[in-house]
Every structure is written in C-alpha cells, then in structure tokens.
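Peer 1: Each chain is listed here by its residues.
Number of protein chains: 2
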Amino acid sequence: MTEISQQQLDEIYAFAVQLGKDAGQMLMDAARRRMQGNGATTSVDYVEKENSVDLVTKTDNDVEAFIHNAVSKKYPDHKFIGEETYSAGASRDYLVDAAPTWIVDPLDGTVNFTHLFPMFCVSIAFAIDGVPVIGVINAPFLHQTFSSCRGKGAWLNETQRLPLIQNPVPALPANAPSGCTFACEWGKDRRDTPEGNMVRKIDSFMNMAAERKGRGGKGGMVHGVRSLGSATMDLAYTAMGSIDIWWEGGCWEWDVAAGIAILEEAGGLITTANPPADFETADIPPVKLGSRLYLAIRPAGDTPDETARQSQGRVVREVWKRVQELSYSRPGA
Amino acid sequence: MTEISQQQLDEIYAFAVQLGKDAGQMLMDAARRRMQGNGATTSVDYVEKENSVDLVTKTDNDVEAFIHNAVSKKYPDHKFIGEETYSAGASRDYLVDAAPTWIVDPLDGTVNFTHLFPMFCVSIAFAIDGVPVIGVINAPFLHQTFSSCRGKGAWLNETQRLPLIQNPVPALPANAPSGCTFACEWGKDRRDTPEGNMVRKIDSFMNMAAERKGRGGKGGMVHGVRSLGSATMDLAYTAMGSIDIWWEGGCWEWDVAAGIAILEEAGGLITTANPPADFETADIPPVKLGSRLYLAIRPAGDTPDETARQSQGRVVREVWKRVQELSYSRPGA
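Residue numbers (full-length UniProt numbering), protein chains in the order written: chain A, 1 to 333; chain B, 1 to 333.
Certain hints may be false.
Stated by the list, open to error - Derived list of chain A stretches under chain B, where covered just means 3 residues or more per stretch with a C-beta under 8 Å from a C-beta of chain B:
id, segment
1, 70-81
2, 224-232
3, 240-252
To be verified - Mimicking SDA-like on lysine to any residue, the simulated pairs with C-alpha atoms at most 25 Å apart in a straight line are:
id, chain 1, residue 1, chain 2, residue 2
4, B, LYS213, A, THR193
5, A, LYS58, B, LYS213
6, B, LYS188, A, GLY216
7, B, LYS21, A, VAL17
8, B, LYS188, A, ALA171
9, A, LYS218, B, ASP189
10, A, LYS188, B, SER178
11, A, LYS213, B, PRO194
12, B, LYS188, A, SER329
If you're looking for bench data, these hints aren't it; they were derived computationally from the structure. Here the structure is a predicted model, which means the values were calculated and not measured. Note that CB positions come from ideal geometry on N, CA and C, so glycine has one too.
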C-alpha cells in the first residue's frame, strides 16, 4: 500500500480542483474562439483516428499537455496517464498499477465539443493502489464542476453536496427499472451485424425501454432513456442522482476514473456491464477500472425493507436480466 | 392578418423575456426546495396521467398559473394556450388560430425535472396568424435562456447570437447525415409491436446510426446520437447549431412553439417528420405547428455549390430516406 497522509491527500485534492478549473477555462476559451469565427468553413480542425466519429482535436492535446506539465512540476514522483499520450504511445495495455497515478481525459465528449454541444468536460482523477480516490470533472459550458476526495463527500460547484437530494436520499423505485432514468450511449462501433456492439446495445436498450409485458417479458418500462455523448457526464449525473442507471461498454479508464471516484463517494455503486451466467445470485463484483464495461447505479436511501446497497444490487440484477453481453477487449486489465 | 406594430412587438418581446426569467426562477426555486429536503421518501409529489412516464407536477400548474395571470393582466385581449389548462380541458382539438396567442409549456422535460436531470425548462411563445414570432426558453439549472423575436435574431442569454458559430456559419456536411449530430427521443409510447411508435422510432434511429453499408444501404453513420428528454431543449440546441438534425413525433405545440420561433429566426429549417411518398422530389412543406411530427435542421452556411436552404433540403431528404412513418393523431391540426 502506498503511504499518503491525509494532509498530503487534502493538498492533492485542492491542487486537482484548481487544475480542473484552469483546464475547463482552456476548453471554454477554445470554444469561444470558435464562436468568434476564424474563417474555418465547416468545423474545428481535427485529425480522424479510427473513423469519422473518433476525433482528436488540437484542444485535447493542448489541455493534456497543460495538465501533464502542471502535475509533473508539482508531483514529479507521481505517474501520469492521459488519453492523448496513451493514444500516441505504442502499448494498448492497461497501465494503472499501485503507484500514485493521475488519470486524465483532457476533453471528454470530443464529438460534442466539435459541434459545441454543451456536454463536454475535462476529467481528472488521482488513484492510489489502482483505486481513484480523488475526482474532478469540469463542464465549463454548463457551469458545472464536480469534485470528490475519499472521506470528504462529493460536490457540485464545491457547495452542493451530491446526490442533489439529501434529506433523505430518495430510495430506488420498488419496481425498478420502471421509474428509473436510464443513460446509455450508441458509441463508435456501428457495425450492422448481430455480433456487433451497436446491435447488442440497441437490443438491450429496447428491453430496458419497452412496456413490461413486451420483449418476451424483458420489458423494463424505464422512466426515460437519455444519451449525452459523454461517459464522464453520464457518471457525474449518476452521482447527482439525476440518472438512476448508466450502462455502457467501450470507454476507457480516463473516461471513467474521476466519475467513479465521485459516484462512489456520493454513495453510488459501479460494477460490470456484462451479466454473469448466474446473474440472479452472483456476487456483484467491484468495478474493474480498465475493463471498458460499466454499470452504475445512483446513490440511494435505505428503506425499512432494504439497505441502500441491497436496493442497488437489486437494480443491478434487473439490468443484467435485460442486457446482452458486450464485446470490448483490453490487454492487461 | 392581425395588425401588431413593430413597437408593440418589441414591448411584447421584452415582456416575454422577463416572464421567462421569472418562470425559470420559479422552476429553480422548486428544484432547490427538493434538494433541501422535505421528508419525501422517493420523489416529488405527482399525479400520474396516462402511465408512469407521463407526469404532471404541482410545479407545472403553479408556473402556468403565474404566466397565465401575468399575460391576462398585461394583454387581456390575447389568447392563451398552456399545456396544463389544455390537458385539464375537454377538447383535444388544435386550438391555435390567427389571433395573437401565447403558447406556453410551464415545464418541459417533466420526467427530467422529477429526477433533477438538468434538461428542464419553461417555454413561452407568442404567435400571430398561427405562426410563432417570439420565443423564450429558460433552462435555469443550465443557466441557459434562449430568445428570439422576428427580425431581431435569436440569442443565448441575450448576448450570444445563434447559431453559436457565426463567421461564417458552418456548412452542413457534404455526406450528411454522416458528420451530423442526431437528436431523437424514445417517447412515452412503449408498445412492443411493429405498428407501435417505439419500434418505428428505434428502427429509424438504427438506420441513422449504422455504418453506411449497413441496414440494407440505409446506414447513415451519424456522428452521434443524443437524447435529452426535452423536445424544447432539442430545438434550442438545434438553433445553437449543436444538434444538426432533430427528428421527433408525439410532442405538442407548446413543446415546440418557442423552439420553432428561435430555430427559424436563427436560420434553421423545420418541416414534418413523416416522409412523403415521393420524398426525393417532393416540396419540403413548412412545419404544421400542431402536427405532432417534426424534423428540424440547424442553421447552415452557404457554399459555392449550394445555398444554405438547398443544403438543409438535402439533409431533410437524407433523413426521410431513413425513417419510418410515425403514427400520432391530432384532431383539427
């Protein structure tokens, strides 16, 4: 176990929050420069990666360099994993180990950013022993900064405790997934084949949405289906309690590390997207940060019949009952 | 034609913007009261209408009464149509005629509001001769107020002209719907039958999303699929240019009237969701406010090869090619 004192952790937290504010300002400055016009005829300059929905903008690189530089100067002994440096490197292995590590996505919701759709943000996590213990997410277009440090609570704009409703925290619906808001993303894998993730995802979404008697009894009649185009924002909104269930495959540790820290500190649960064979009775495993498969349930209140954790487990099983296995590979995770 | 002078219209616009601010404040006050806790065990008090996803809260009624009262006092000769008064009445007819008319949704995104998911807003439109000429939308959780008056431009927070990118306004992608952000909603009709709207919608969404060679050649490979749970916010974001295409059936005139005013003033196009038989050559009809069927395209820039309007028409046909006919009825519209 890495030894970091509470005082050191407090200092790292304050530093991370300020980093998030500064990096968010850089994102918003870049957005404003585009609004003011620069003669570009269609969209921001970008380089296509795998296909037209996987973009990397100059802004990603600039913001990651800014964060990397600030961290290296202040904490030269800490490890740093950022989306852009990872993508530029040769290895596709999972690189998070026990060392004190910063896990950063300089711009989550890149497609949103290129369209100036407001759901984009910077995501900064600090992990010890492979577990994110500090998370900062700043969505500057929305004036929303989310932050947490282990033992200190999770916060919106440093003043509003998460989840938003506290006295008491609302219980999860007895007939979940009915009554629940369900967040999910269509993703970049758009193959039109039964083994493709898009087809598996949409089949699962339809089970969650359909009337209870529909879909061969798998209908979940959720309260609403939402897609924001940002895994990080999905997790932040789950920590708020605004999203009850988030189910997703395909994103990476920098997309979720800060969100996991904030969600868990707020009292939420996160586990794997893929249902185990014995999903009705299996233990609910803790999330594997690099697994690319995530299922999050919002913070919940106890009831006379159920603890919060029991109710979250119940909702996890109700989701597992309705979703297909997704196929995303990850060496070393 | 109803005679309203430019001076009168300016005065009505200023009044509508102030109404939007005040009503948005009421929504946010109600949200804050819930955050501060009131002993409720699960959620805000609400009365179920058709099913568990069709809610009407006390907040809707209070805010509509506030707006109705203010309008009646200031403009006793104007007609008023609000979601809650309409729903409480006996008629299901389309009630908008040539008279100067306020068309109001006190709380759009009611499901979002009950979960404190930030995409909720008040929507206020003023129509003459059946056409919305003033629109005000206030989403207080997001600090976003959208407004427009015929001939005066469309605005975010009264200072940022819409669309967000102006110099020049970006052209629509040449290979649209690829490169486009596509907004769509799952809606309340969750019947699991081929003639049900959910099944027709999801089939259409999948055509828009799949790889180009997929779905029997109908694959559209859109840049991203987004669902916000609010028709009003979808339209406002299309006016911003953040959403390229919004396709929807099932909502009502109070959900879209202000958004249509703002979108059209920003330079966007809005027509019907349902493809005509000869969709490749048919004239693109102007939107029918009460039709419950909408297809909106964002404001666009001209190119050497195409006017903005030609490119919007091209994108409309690319959508019509890929979507199923939706079935929503409306007497008198």
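Peer 1: All the hints need checking, so say for each whether the structure fits it.
Peer 2: Hints versus structure:
no.: 1; hint: 70-81; in the structure: violated (count 0)
no.: 2; hint: 224-232; in the structure: holds (count 6)
no.: 3; hint: 240-252; in the structure: holds (count 5)
no.: 4; hint: B:LYS213 - A:THR193; in the structure: holds, 11 Å
no.: 5; hint: A:LYS58 - B:LYS213; in the structure: violated, 31 Å
no.: 6; hint: B:LYS188 - A:GLY216; in the structure: holds, 19 Å
no.: 7; hint: B:LYS21 - A:VAL17; in the structure: violated, 31 Å
no.: 8; hint: B:LYS188 - A:ALA171; in the structure: holds, 24 Å
no.: 9; hint: A:LYS218 - B:ASP189; in the structure: holds, 17 Å
no.: 10; hint: A:LYS188 - B:SER178; in the structure: holds, 12 Å
no.: 11; hint: A:LYS213 - B:PRO194; in the structure: holds, 15 Å
no.: 12; hint: B:LYS188 - A:SER329; in the structure: violated, 36 Å
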